[in-house]
Amino acid sequence: MLKVDDIHVYYGAIHAIKGISLEVPQGKIVTLIGANGAGKTTTLNTICGLIKPKTGKVYFEDKDITGVATQEIVKRGLTQVPEGRRIFANMPIYENLELGAYLKKDKKEVAESMERVYKRFPRLLERKNQLAGSLSGGEQQMLAMGRALMSKPRLLLLDEPSMGLSPILVKEIFSIIKELNEQGTTILLVEQNAKMALSIAHKGYVVETGRIVLAGDAKELLESPEVKKAYLGG
Amino acid sequence: MALLSVNNLSISFGGLKAVSDLNLSLEQGDLAGLIGPNGAGKTTAFNMLTGVYLPTSGDILLDGKSLVGLKPYQINHRGVARTFQNIRLFSDLTVIDNLKIAYHSHAKYGLLGAIARLPGFYSGEKEMHDKSMELLKIFKLDNKAEELAKNLPYGEQRRLEIARAMATQPRVLLLDEPAAGMNPQETHDLMELIRWIRHEFGLTILLIEHDMSLVMGVCEKIYVLDYGQIIAVGTPDDIRNNPRVIEAYLGEEAS
Amino acid sequence: MEVFLQQLINGVSLGSIYALIALGYTMVYGIVQLINFAHGDVYMVGAYLGFFATAILGWSFLPALLMSMFVCACLGVTIEKLAYKPLRMAPRIAALITAIGVSLFLEYGMMLLVGPQVRTFPQVLTEVQWKLFGSITVTNRQVIILVVTIALMLLLQYIVHKTMIGKAMRAVSHDKQAAQLMGINVNNTISATFAIGSSLAAAAGVLVGIYYNAINPLMGIMPGLKAFVAAVLGGIGIIPGAMTGGFLLGIVEAMVSGYGKSLYRDPVAFIILIIILIVKPAGLFGKNIREKV
Amino acid sequence: MFERKLGKQFGILLLLVAFWGVVEFMLKTGILNPFYELNLILIGINIILAVSLNLINGFNGQFSIGHAGFMAVGAYGAAIITLKAQLPFAMALLFGAVLAGIFGLLVGLPTLRLRGDYLAIATLGFGEIIRGMIVNIDYIGGAYGLSGIPKLANWTWIFALTVLTVIVIANFVNSTHGRATISIRENEIAAEAMGINTTKYKVMAFVIGSFFAGLAGGLHAHYFYTIQPNTFNFLKSFDILVMVVLGGQGSITGSIIAAVGLTILSASLQSLAALRLVIYALLLIVIMLFRPQGLMGTKEFSLKMFRKKSKDKEGKQHGSAVGQ
Amino acid sequence: GGGGEQKAADAKEIVIGGNFEMSGNVATFGTAAVNGAKLYFEEVNAAGGVLDKQIKFVTLDNKSDATESANVATRLITQDKVVAILGATTSGNTLGYIQVAADNKIPVLSSSATNPDVTVDPNTKAVRDYIFRACFIDPFQGTVMANFSMQDLQAKTAVIYVDNQSPYSKGLAQFFEESFVKQGGTIVGREAYVPEDQDFKATLTKIKGMNPDVIYLPGYYEQVGKIVKQGRELGIDVPFLGGDGWDSPKLAEIAGPAALAGTFFSNHYSSEQDDPNVVAFVEKYKGKYGETPDSMAALGYDAAVLIVEAIKNSGDGTPEKIKEALAATKDVQAVTGKLSLDANHNPIKGAAILEMVDGKQVYKTYVNP
Ligand SMILES: Nc1ncnc2c1ncn2[C@@H]1O[C@H](COP(=O)(O)OP(=O)(O)OP(=O)(O)O)[C@@H](O)[C@H]1O
Ligand SMILES: Nc1ncnc2c1ncn2[C@@H]1O[C@H](COP(=O)(O)OP(=O)(O)OP(=O)(O)O)[C@@H](O)[C@H]1O
Ligand SMILES: [Mg+2]
Ligand SMILES: [Mg+2]
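Chains as they are written, first to last, in the numbering used here: chain X, 1 to 234; chain U, 1001 to 1255; chain R, 2001 to 2293; chain B, 3001 to 3324; chain D, 4001 to 4369.
Accuracy of the hints is not assured; some may be wrong.
[To be verified] Straight line, CA to CA, 25 Å or less: simulated DSS-like cross-link-like pairs of lysine-lysine:
1) R:Lys2176 x X:Lys52
2) B:Lys3151 x D:Lys4105
3) D:Lys4012 x D:Lys4053
Derived by calculation from the structure, the hints in this document are not laboratory data.
Since the model is a prediction, treat every value here as computed from it, not as a measurement.
Isolated chain X (complex conformation) (with noise of 0.2 Å):
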């Protein structure tokens, strides 16, 4: 469904991407784990057009998405949900979900995809007229996550989506994420927490300072020895 085939990026001077090509298939939950400054939250900007890699190119559903504007990108069916959640905070909850569906013309298919956001997250319908900075950082997490689904996107795209929460909101996160894949949503994940997200995920790959530096079926990786000693802590 994706393919990022030998992508470099720099920041300035800085050299931050080099040479990362990934794929991920219908259906699937891949994720992205590797150190601070690796690479991925850059990666994932890449994919979604935010930034413009110098060389190498990212297909969509086999479309050459290169350079393409993010918000024709969004507009093909693929979203990110970034990292630092990123909410509009002075506006309420439902017009962060209305601008999620700012693509969406149809007036009824806005108000049925909130509908469902509210059944996934009724705490967000409690809070629907809230301003969205004022919440707490697990309910910004699942407004985030709302929002994005308000687009129905067909590959979504989750940059550290556990950051700062707590252990028992990590658990559920998991589990929305988890439940969303298997209603047919694919997923690239990124997440430091790299037990938690390979137990979900049907693929990995390891970033190291710009480059892919392990690949493979994301049992595999939790039983590696490199992967344990690096990213699980021993």
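The hints should help you fit chains U, R, B and D with the ligands onto chain X, whose structure is shown.
Below, chains U, R, B and D with the ligands without anything else, positioned relative to chain X:
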């Protein structure tokens, strides 16, 4: 007598009671944890301890003297330093300048000395530089001294924030989610570091963290906050098995 | 009492002009966080376009107004594309300096083009005067400006808060990248913001040109500054705030001139401004949101 | 790094004295005619203004756009001393500068709780209040301004005081006090948490900045014979702001370069009337588009820069070699 | 210095400087004055020049700023080596540079700086050797209008409404008041505006409440036009009076002819005058620039006339001799009258009092000094 004692501390924002009747007591050399669900009021408690928010009621005593009503910098001068949940480095400055700024209140020369470049200025600057380098060595950042803070990887930025807090020469160190965004390996190294500085500098440390491996690994005493109230205090083992904590925070099959 | 009422009317009519300019100011400001110092000069260009249409081409009021609004919308979009867009990632002050540059460019470019002398509008709106309670006078032009100001305020408020483009604008103002991830075209949204803001400035220019009957290339400096003050007074980016700020400033000026000493009007107006800001550091309607630590 | 480098300091001093001497000689002998003198004087005054505003805007990160107001206070303060009290020039300058510093304190204290653009408006307002007051005080000439001020400033005075200003502000900035000032710009909350008394340093930046603006005002008054309130309006404040931003906020050498450049530019376009401002405007836009951080950014100009640059290049080549 | 003189005497052309407001808030005045002066210099050059040399008129922009004015003057003197400087149009900008000129011994002829201090040092009361002007001064104009309002309009009370940023306006107001009060009148109110103002109704409402017999409005036409218009809207029907700053065809356009009924101002000349000199000038000016000259343009022209006459009479065209010749100016025919300079370097000329009727200036009386 406890070094830091917090008595019935409360604060509300509008109608919301973010922290109510919080009681804490830390002895010299304690290493304690403060955990709780998102939005429980942990960071808010830190903000009151460091003078960022003025408590609605209650008292904070350091060595028996109240800190309530003091400005953040005055509280820092009394010996309380902190890090932030969202990293707040002086990001366009070099690593070493970040530390030198924190040394400011211990500078050995005045305004005139600086402007007229009196001899005291040079010795004072040298002392600050040397002390900063020493700290950087401890935090394994000495090879990045001239790097801009914003160019450091995330994990190193977190370490730099702790180093910077140390440079103010505190007696009490408050760490707000020091391991956030770190992988298990980095978290492990951080644990070692925290233990080591507590020992080496005789510090009293209170830390907020959601990573249970860190909290359970280093803290001797843990406070659990939920909806602004302490729901449990105890050793890691007590906490791990406390049903209220499991229900509110850890979830089933606590790790 | 009569004098007081007359002064109130004077203040409101002066204030409605500040408010009219401040609306566009605050809107651009709220969405792109740029003090668009050139806004006052777009207002001036708008006035000249209205003059050109009525005096030279002999058009009537409404077509002249619409033409001026349209051309200034294009001008605003062009300015944004050329001078501000490349600086979106740069420190805000850099865009502020280019805004000063654009402002000077429009002022003196216009001066080169049409000369420094004043121009006067032909009588495109016949003037009607009403007398209230004997000696209090109100003119139809004052009423028109007031009505237009309030109508535009309501319209803007509706656009920004109720329509999808308005929501997109607010999203862009908060976080451009996140907005893009929603499928919002940031460039188009910002262009729309400038187009609306600039056409508002043009409307103000034409109306004021007709009301005072004299325009010159530097006419935008002072009202621009006062409108900026009004926008800040009301709370940056808050549309009803800009209008209130404008009225307040106008009324304060009228009252100081009328009951105090006209000599001290500007200093007193600024002193009041500063006192208000010290009491309400984010303006009258602004919430003083403390950065969450 | 921390020993007093007497040799280097002496060298710089020697260079400065030599520069002063050469210019003084050329002025005395008429090689440089008074037009050049006048522009040298303007350059000096503008450097003092730009560097002092840079302390507030660039180093301390407070957005002040009322600098001309403080300059006016200094100009009038100093002129009154020489005109009405017939006291010596040095005292007049000091009085004007101190008076401006006091105004800085008066402005700084109440407005410090304002941030960003709200502070900008407040400082702009103060500038206009000061000007509005001057216009209405007949004792100091009202709208006419003061004329007949003795021409006491000359190249030597201006040069010495410009150098003094730059040294004082540079020494301030490159000390623990300067770092405290800068930390407020970088992150006020963190600065406060690290024990910096942010109020004190914000007020200090304001007071020092306005003190030197006042000094510039005093020099201005005593070189141009007359001062008028209109000279110190908000457009003048903008001019100074433009120098600071163009040179680079947080770069003293940047401010100096911009002050020199813009003064010369303005002088050389005098014959072009309205066109001159169009050119000036276009130049501003173009420079900002190409160097949004200003000519120098926050860096200081030094010969070392060139050395470092060439080193960087080597490094880059090295890096790419590895990449292959 | 000596170099300058030498050069002037030898060169093929005579260089005259212009220090005018070409940008900034009074750019209109500077531009009009330069247009007027250029017109005359071109005529002279076309007729063979003066002292057998062509005139080169170098004008620089002082941005309507006193400091810039000093800067410009220095440049004119030291770079362009001018033998005399015309300008500036306002007293403030002229005061800004006269010391520079005096220090360099270059004569200055201001076209329209009407403040007395320009030619006489207020502190020492000494006449400034090198400074001259082509217009009458504020005391004269103020006095003329005070006399007119008391004698012709039978006014007993007056309100003065000045441009707070213009020394010119304040000067006129001061002398109007002195003369008005000396003759037994009462000033019932003093108000002020700034030139950037658009709306004057608040102050006008206040003035209306004071109920004066006349309102003295010594400002420039752009604001005056708006003030009179807004005053009439508010129902103020007493006469408005003013000075030469009113003189522009724009006045009637801005205020509207009806509002101007019953307003009077003193002026150097009237473009409506049937004096042949005026008619010829207006025609020439219209031909070249396509618009009716205002008094700034006329005074710019006259300044050029005076300086050329002085150069002619100086014999050698050196600044020193030009200065002497200027001081001795006698009966030179210019647009605004036959001009002679008095001991204070002010032209001795009368003022025309004009009434606005149907938007036209109608010549009312001529007052001699
Ligand atoms: N805007 C930027 N400008 C310059 N360098 C950047 C920028 N963003 C990221 N980098 C650098 O690019 C590299 C990759 O960063 P990236 O954010 O993609 O890492 P990551 O794997 O997502 O890390 P984390 O786990 O901390 O989120 C890092 O070295 C980082 O410092
Ligand atoms: N300045 C403020 N104004 C209003 N509400 C606030 C403010 N600061 C904090 N709160 C609220 O107080 C509550 C506690 O917030 P706090 O940041 O202390 O939580 P926390 O325990 O640190 O959570 P997390 O683990 O997610 O960081 C939250 O509901 C938050 O929204
Ligand atoms: Mg990341
Ligand atoms: Mg927290």
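### Query
What are the numbers of the hints that this structure violates, sorted from low to high?
The structure conflicts with no hint, since it agrees with every one listed earlier.
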